[in-house]
Amino acid sequence: MPPRGRSGKKAKQKAPPRVSVSEAELRELYALLLGRAEGAVDGESVGVDSILTVSAALGLKFTRQEALEMLELFDSNRDGQLSFEDFANAAKFAEFSS
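In the UniProt record's numbering, the protein residues as written are 1 to 98.
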């Protein structure tokens, strides 16, 4: 049941603050998905296992099915992997939909 305020009406939930991330920061995050702390990310891609590992490390709990659905949503060439461009587009989508 949603929380209610003093008047008995549903309390409004605050939206999370918007976060703007630079391309350099996106590349750092993507390198973490690739399983390393630094290095070039062009031409490399990540799959569902990397998404689950990194999201768990960040305290986000997704089922394998949820991670697969996210992957399918942003995988532009349908190869079952997220390129850096796919990852950046997903981040932009999250930024604009929050």
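To be clear, the hints were calculated from the coordinates, so they are not data collected in a lab.
Don't take each hint at face value.
What the hints assert, rightly or not - Label pairs and their calculated CB-CB ranges: (1) Ser76 - Thr53: 29 to 35 Å; (2) Gly35 - Glu66: 18 to 24 Å; (3) Thr63 - Gly43: 18 to 24 Å; (4) Phe93 - Gln65: 17 to 23 Å.
Bear in mind that the values here come from a model prediction, so they are computed numbers and not experimental data.
The beta carbon of each residue, even a glycine, is placed where N, CA and C say it ideally should be.
For each hint, the structure was consulted:
1. Ser76 - Thr53: 29 to 35 Å: For Ser76 and Thr53 the Cβ distance comes to about 22 Å; the hint is violated.
2. Gly35 - Glu66: 18 to 24 Å: holds, 21 Å
3. Thr63 - Gly43: 18 to 24 Å: Since the Cβ atoms of Thr63 and Gly43 sit about 30 Å apart, the hinted range of 18 to 24 Å is violated.
4. Phe93 - Gln65: 17 to 23 Å: Given range 17 to 23 Å: holds, Cβ gap about 20 Å.
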